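**Q** Put chain B on the given structure of chain A with help from the hints.
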Amino acid sequence: MERDERLKLLKERAEAVQTSVSDVTGLQQAFLYAVEVTRSQGGSTIAAPALGPEERSQLAELCRQAEITLIVENVRDHIGKIQTGLTLGDWGVAETATLVLDSTSEDVRIATMLSETHVAILPRSRIKSDLMELEAELSESMKSAPRYLSFISGASRTADIERVLTIGVHGPQELHLLILDDELTGEEP
Amino acid sequence: LKRALGNQFLGATLDTFASSYKVSRAKAFEGIHLDSLIAEIAAGKDASIPHLEELFSAFKDRAEAAGIRVHVARTALEANTIIADIARANQVKKIVKGKSMTAEETFLNHHLEEEGFVVTETDLGEWIIQLRHEGPSHMVMPAIHLSRKEVAELFTKVTGRQQDPDDINGMIKVARKELRQAFLEADMGITGANFAIADTGTIGIVTNEGNGRLVTTLPRVHVALIGFDKLVPDLKSALRILKALPRSATGQLISTYVTWINGPTECTSAPGGRKEMHIVFLDNGRLALARDPLFSQALRCIRCGACANVCPIYKLVGGHNYGHVYIGAIGLILTYFYHGRENARAIVKACLNCQACKAVCPTGIDLPYLIKGVSRTILEAEGKPPVKNRLLKHVLGNRKLFHFLLRGAYLAQKPVAGGGYLRHLPFFFSSAHGFRSLPAVARTPLRDMWERINPRLDKPRYRVALFGGCLVDFVYPEQAQALIQLLGKHNVQLEYPMEQTCCGLPAMMMGENETAREVAVQNLKSMDPASYDFVLTLCASCGSHLKENYPKLCGEDEGIGLKVMQLRDKLIDFSSFMMNVLQVKPEMFEGSGKKVAYHAPCHLCRSLGVTREPRELIQTAGLTYLPAKDEDVCCGFGGSFSVDFPEISAELLKRKLDHAEATGADLLVTDCPGCVLQLRGGMDQRSGRKVEVRHIVETVGGEKP
Numbered sequence: 001m002e003r004d005e006r007l008k009l010l011k012e013r014a015e016a017v018q019t020s021v022s023d024v025t026g027l028q029q030a031f032l033y034a035v036e037v038t039r040s041q042g043g044s045t046i047a048a049p050a051l052g053p054e055e056r057s058q059l060a061e062l063c064r065q066a067e068i069t070l071i072v073e074n075v076r077d078h079i080g081k082i083q084t085g086l087t088l089g090d091w092g093v094a095e096t097a098t099l100v101l102d103s104t105s106e107d108v109r110i111a112t113m114l115s116e117t118h119v120a121i122l123p124r125s126r127i128k129s130d131l132m133e134l135e136a137e138l139s140e141s142m143k144s145a146p147r148y149l150s151f152i153s154g155a156s157r158t159a160d161i162e163r164v165l166t167i168g169v170h171g172p173q174e175l176h177l178l179i180l181d182d183e184l185t186g187e188e189p
Numbered sequence: 001l002k003r004a005l006g007n008q009f010l011g012a013t014l015d016t017f018a019s020s021y022k023v024s025r026a027k028a029f030e031g032i033h034l035d036s037l038i039a040e041i042a043a044g045k046d047a048s049i050p051h052l053e054e055l056f057s058a059f060k061d062r063a064e065a066a067g068i069r070v071h072v073a074r075t076a077l078e079a080n081t082i083i084a085d086i087a088r089a090n091q092v093k094k095i096v097k098g099k100s101m102t103a104e105e106t107f108l109n110h111h112l113e114e115e116g117f118v119v120t121e122t123d124l125g126e127w128i129i130q131l132r133h134e135g136p137s138h139m140v141m142p143a144i145h146l147s148r149k150e151v152a153e154l155f156t157k158v159t160g161r162q163q164d165p166d167d168i169n170g171m172i173k174v175a176r177k178e179l180r181q182a183f184l185e186a187d188m189g190i191t192g193a194n195f196a197i198a199d200t201g202t203i204g205i206v207t208n209e210g211n212g213r214l215v216t217t218l219p220r221v222h223v224a225l226i227g228f229d230k231l232v233p234d235l236k237s238a239l240r241i242l243k244a245l246p247r248s249a250t251g252q253l254i255s256t257y258v259t260w261i262n263g264p265t266e267c268t269s270a271p272g273g274r275k276e277m278h279i280v281f282l283d284n285g286r287l288a289l290a291r292d293p294l295f296s297q298a299l300r301c302i303r304c305g306a307c308a309n310v311c312p313i314y315k316l317v318g319g320h321n322y323g324h325v326y327i328g329a330i331g332l333i334l335t336y337f338y339h340g341r342e343n344a345r346a347i348v349k350a351c352l353n354c355q356a357c358k359a360v361c362p363t364g365i366d367l368p369y370l371i372k373g374v375s376r377t378i379l380e381a382e383g384k385p386p387v388k389n390r391l392l393k394h395v396l397g398n399r400k401l402f403h404f405l406l407r408g409a410y411l412a413q414k415p416v417a418g419g420g421y422l423r424h425l426p427f428f429f430s431s432a433h434g435f436r437s438l439p440a441v442a443r444t445p446l447r448d449m450w451e452r453i454n455p456r457l458d459k460p461r462y463r464v465a466l467f468g469g470c471l472v473d474f475v476y477p478e479q480a481q482a483l484i485q486l487l488g489k490h491n492v493q494l495e496y497p498m499e500q501t502c503c504g505l506p507a508m509m510m511g512e513n514e515t516a517r518e519v520a521v522q523n524l525k526s527m528d529p530a531s532y533d534f535v536l537t538l539c540a541s542c543g544s545h546l547k548e549n550y551p552k553l554c555g556e557d558e559g560i561g562l563k564v565m566q567l568r569d570k571l572i573d574f575s576s577f578m579m580n581v582l583q584v585k586p587e588m589f590e591g592s593g594k595k596v597a598y599h600a601p602c603h604l605c606r607s608l609g610v611t612r613e614p615r616e617l618i619q620t621a622g623l624t625y626l627p628a629k630d631e632d633v634c635c636g637f638g639g640s641f642s643v644d645f646p647e648i649s650a651e652l653l654k655r656k657l658d659h660a661e662a663t664g665a666d667l668l669v670t671d672c673p674g675c676v677l678q679l680r681g682g683m684d685q686r687s688g689r690k691v692e693v694r695h696i697v698e699t700v701g702g703e704k705p
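Here the protein sequences line up with chains A and B, keeping their order.
The numbering used here numbers the first residue of the first sequence as 1 and each following residue consecutively.
The numbering used here numbers the first residue of the second sequence as 1 and each following residue consecutively.
It cannot be assumed that every hint is accurate.
[As the list claims (entries may be wrong)] When the alpha-carbon atoms are kept at most 25 Å apart in a straight line, the in silico SDA-like pairs for lysine to any residue are as follows: (1) LYS236(B) with ASP102(A); (2) LYS93(B) with HIS78(A); (3) LYS157(B) with LEU165(A); (4) LYS173(B) with HIS78(A); (5) LYS27(B) with ALA159(A); (6) LYS236(B) with PRO146(A); (7) LYS27(B) with ILE167(A); (8) LYS177(B) with ILE79(A); (9) LYS11(A) with LEU239(B); (10) LYS143(A) with HIS71(B); (11) LYS236(B) with SER129(A); (12) LYS400(B) with ALA440(B); (13) LYS149(B) with VAL164(A); (14) LYS27(B) with VAL164(A); (15) LYS236(B) with LEU9(A); (16) LYS173(B) with ILE79(A); (17) LYS388(B) with ASP644(B); (18) LYS128(A) with GLY31(B); (19) LYS143(A) with VAL72(B); (20) LYS27(B) with ASP4(A); (21) LYS81(A) with THR268(B); (22) LYS128(A) with LEU239(B); (23) LYS128(A) with LEU34(B); (24) LYS27(B) with ASP130(A); (25) LYS128(A) with ASP199(B); (26) LYS236(B) with ALA42(B); (27) LYS128(A) with LEU37(B); (28) LYS143(A) with ASP199(B); (29) LYS173(B) with VAL164(A); (30) LYS570(B) with ALA359(B); (31) LYS143(A) with GLY272(B); (32) LYS143(A) with GLY67(B).
[Stated by the list, open to error] Under 10 Å between C-beta atoms, here's a sample of chain A residues computed to sit facing chain B: (33) ARG13; (34) VAL17; (35) ASP77; (36) ILE79; (37) GLU106; (38) LEU114; (39) ASP130; (40) GLU135.
Derived from the structure by calculation, the hints contain no laboratory data.
In this text the structure is predicted, and so the values were computed from the model without any measurement.
In this text, a Cβ means the ideal position worked out from N, Cα and C, and glycines have one as well.
Chain A on its own, in the form it takes in the complex (with noise of 0.2 Å):
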């Protein structure tokens, strides 16, 4: 599949499961956009974990001048309080609409599960077809334990009453991709 197929499919198969699809050009993008989203819902508080010193300091910026709060470490201790849990996907997959999130860090676990928002910047050359195209990369990243791997696609949902579809029982009532276009030239990497 060519790479404007698999997004195509991948914003197809994203919407019909509510989670939200944007394109963005860098991560300066990527983080107001973190921003305007956790302000707009009303929350003041962004979880960041496993983001570089640069990058951290980037947001930390970012999130100065809109007056929120931004937690990069000891995620626990702020359970209850977490607006938006933003992270950087390792693979998305087009035809599931699925983040493949390496999760092996407590802090990125509590931050996309305890989180009302989940927004996860995922690069462009990251995303693959299938599921099937990914095993042998996870299969080996499988190898090293510790390890917690999750597969993501869309927000927490139940049908447990009367078969009716309900987001958010447990973990976050949205999930947004940002999918950010790390590829200078049009051609497949």
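**A** Same frame as chain A, now just chain B:
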């Protein structure tokens, strides 16, 4: 059972669910070659099942190297004891649980609560039924039997605040809040797992709510209880199953969360900052089952619940009546192996053999056949077959006696027969059987008039043996007469091998395989497939039995085995013969334009896989085909099923006739005399406008070309 049939909410919910499930499942599998996927999953499972212990030992090495403690529990009690011991050793007080059928199997909650631990189910449906002190009524949707009103009443009691039944979102928020507290206070989390991957020591958990992630993250101890059957060699096998599991369970392409865990991860609430992780592998009969040549197939099950979703009986009575812990078709089987004969005896009889479960199973388990197998095993173990089994064995095993009795039945019924029906049921049927009229046995059976009514043709195009079956031979010979007339016009010579007898399906349905085998051999001796171009039957049930079950009964026998295979290759149903062999065209029919609804017999549309031909034939013959709702759902006949379970049979029949009537058709047409018996008998008992029920051969043949 009667109470369940009277529960209108349950009936309506399960009916709506069954209809919407069909649509969403089909949509989810779009673009996937389902037959190949099923075959691949089945082959993968079948390759693993004989090696579960080796897979376990590979898994254990990997998992222990990663720091997981691995345990083996031979029985349910042992599993519960091991888990309680782990809890005690870690000074655990409060436990949160993810949804696990395996834990339901061992009644783990009950055990832990007796030991003084506080256990909270965190899957919403499981939490609801835990609060109500009930078991699940569905493997995927445990609380599907409850209405929003019942949940609101329950939540009002739990929270002490009035809950609005129409605000489902609000009730979900109640659960979110209550359960969030339980997560934060818990010392230990218990989950099941959908996969245990041997070559990496990884467990995989499939959930939608995300509670599984919290259960494995927040508490300092994690215990996973996993059946040996969940072992797969590698990630590839797991991903292949994952492709089918959510699609088949809920019609989702994938469930919201799939979690893969290798080893104890970071946990800041644990001493040393590292979680304590245990895996308990449950045997409870699985390893013995794995060695059984027939029943090991049941271990392919991936717990998607599809076999319940499509089961016409489940749809009527719900999971609390249709299973013990495990529910649906697979539940009837697993109950015997995991929970014993006492719990299995009654429910295992409640199978129509309609094949709907087999057709939908993503791992290709021959569920109806295994259900009959369990039934047989129970009969053998108890060594006291019911009177009707002994009678059947004696009578069916001897064609002359059997046919003598059937002829005698014509005379015996005389005082109660009228207009082709028995007007008063013999005393041994209770009033519950009055939902349909039973047909009278024909005055002259087909075999006695055959030579007279079947003309010899000069140079026939095809020589075709007719396999009559009991109903066509002794009750509805007019169906064969219509066939002779019709095929004569196409220069097809029919033959009726006189030594043929009952196909033997009723014997197999009662678990009497030895009798079924004897009858099969008798039929094969009477009718050498090599002497004919085709073997045609008007009875879908006989046809599917000849084609599918004869190979199982005597396909391996020397000599006869070859004939079984020849018979399988030459067997054909009426519609396929007309459309595919004779290739009839509209101009060959006058075409009355009558409005026709169609009922697809279970054994034709699923067992024999014939779906296109009957509908095409109806239209080719110049009739107007009006599609009805649930055309391929069983009419409730199921042979002796309708005698053993009249209430269920009556309800299925009622729905079927309602759907047919709703089309506005003049005729209801089907291609199995068993279905004709059921449908015509039911129509006779209805008041108001009556839709005439006919075998398709009488409809197509009735129009003079």
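**Q** Against this structure, judge whether each hint is valid.
**A** Comparing the hints with the structure gives:
Under the criterion of a C-alpha separation no larger than 25 Å, the hint pairing LYS236(B) with ASP102(A) is consistent with the structure, at around 19 Å. Under the criterion of a C-alpha separation no larger than 25 Å, the hint pairing LYS93(B) with HIS78(A) is consistent with the structure, at around 24 Å. The suggested pairing of LYS157(B) with LEU165(A) holds, with an alpha-carbon distance near 24 Å, which does not exceed 25 Å. Proximity of LYS173(B) to HIS78(A) is assessed by CA-CA distance (about 20 Å); at most 25 Å being required, the pair is judged to hold.
A distance of roughly 18 Å separates the Cα atoms of LYS27(B) and ALA159(A); the hinted pair therefore holds under the 25 Å criterion. Between LYS236(B) and PRO146(A), the direct Cα distance comes to roughly 20 Å. Compliance with the 25 Å bound is thereby established for this hinted pair. Our distance criterion of 25 Å between C-alpha atoms is met by LYS27(B) and ILE167(A), whose separation comes to about 22 Å. Of the pairs offered as hints, the one joining LYS177(B) and ILE79(A) holds, with about 13 Å between alpha carbons and a cut-off of 25 Å not exceeded.
For the suggested pair LYS11(A) and LEU239(B), the alpha carbons sit about 22 Å apart, so the restraint of at most 25 Å is met. In summary, the hint linking LYS143(A) to HIS71(B) is supported, as the alpha carbons are separated by about 21 Å, within the 25 Å threshold. The straight-line distance between the Cα atoms of LYS236(B) and SER129(A) is roughly 16 Å, inside the 25 Å bound, and the hint therefore holds. Distance check on the hinted pair: LYS400(B) and ALA440(B) sit about 21 Å apart at the alpha-carbon level, within 25 Å; holds.
Annotation: proposed proximity of LYS149(B) to VAL164(A) holds, straight-line Cα distance about 13 Å (limit 25 Å). Between LYS27(B) and VAL164(A) the alpha-carbon distance is near 19 Å, which keeps this suggested pair within the 25 Å criterion. A C-alpha spacing of about 23 Å is found between LYS236(B) and LEU9(A), which places the hinted pair at or below 25 Å, so the restraint holds. Only pairs whose Cα atoms come within 25 Å are accepted, and LYS173(B) paired with ILE79(A) is accepted, the gap being roughly 17 Å.
With a C-alpha separation of about 11 Å, the suggested pair LYS388(B) and ASP644(B) falls inside the 25 Å cut-off, and the hint holds. Only pairs whose Cα atoms come within 25 Å are accepted, and LYS128(A) paired with GLY31(B) is accepted, the gap being roughly 18 Å. Between LYS143(A) and VAL72(B) the CA atoms are separated by roughly 23 Å; this keeps the pair inside 25 Å, and the hint holds. For the proposed pair LYS27(B) and ASP4(A), the alpha carbon gap of about 24 Å is at most 25 Å, so the pair holds.
With a C-alpha separation of about 18 Å, the suggested pair LYS81(A) and THR268(B) falls inside the 25 Å cut-off, and the hint holds. Distance check on the hinted pair: LYS128(A) and LEU239(B) sit about 15 Å apart at the alpha-carbon level, within 25 Å; holds. Under the criterion of a C-alpha separation no larger than 25 Å, the hint pairing LYS128(A) with LEU34(B) is consistent with the structure, at around 22 Å. Taking the CA atoms of LYS27(B) and ASP130(A), the gap is about 17 Å. The hint holds against a cut of 25 Å.
At most 25 Å may separate the alpha-carbon atoms for a hinted pair to count; LYS128(A) and ASP199(B) meet this at roughly 24 Å. As the CA atoms of LYS236(B) and ALA42(B) are separated by approximately 14 Å, the hinted pair is consistent with the 25 Å bound. Between the alpha carbons of LYS128(A) and LEU37(B) the distance comes to roughly 21 Å, so the proposed pair stays at or under 25 Å and holds. Of the pairs offered as hints, the one joining LYS143(A) and ASP199(B) holds, with about 8 Å between alpha carbons and a cut-off of 25 Å not exceeded.
Of the pairs offered as hints, the one joining LYS173(B) and VAL164(A) holds, with about 14 Å between alpha carbons and a cut-off of 25 Å not exceeded. Of the supplied pair hints, the one linking LYS570(B) and ALA359(B) holds, its CA atoms being roughly 23 Å apart against a limit of 25 Å. Proximity of LYS143(A) to GLY272(B) is assessed by CA-CA distance (about 23 Å); at most 25 Å being required, the pair is judged to hold. As the CA atoms of LYS143(A) and GLY67(B) are separated by approximately 13 Å, the hinted pair is consistent with the 25 Å bound.
Interface restraint check for ARG13(A): the shortest CB-CB distance to chain B comes to about 7 Å, inside 10 Å, so the restraint holds. Checking VAL17(A) against chain B by beta carbon gives a least distance of about 8 Å; that is within 10 Å, so the hint holds. The beta carbon of ASP77(A) is positioned within 10 Å of a beta carbon in chain B (closest approach about 9 Å), and the interface hint is therefore held. Taking 10 Å as the C-beta contact cut-off toward chain B, the hint placing ILE79(A) at the interface holds, the least distance being around 7 Å.
At a threshold of 10 Å, the smallest CB-CB gap from GLU106(A) to chain B is about 4 Å, leaving the interface hint in force. Contact between LEU114(A) and chain B, as hinted, is supported at the beta carbon level, the nearest pair being about 8 Å apart and thus within 10 Å. With a cut of 10 Å, the hint placing ASP130(A) at the interface with chain B holds, because the nearest CB-to-CB distance is about 8 Å. The beta carbon of GLU135(A) is positioned within 10 Å of a beta carbon in chain B (closest approach about 5 Å), and the interface hint is therefore held.
Of the hints listed earlier, there is not a single one the structure fails to meet.
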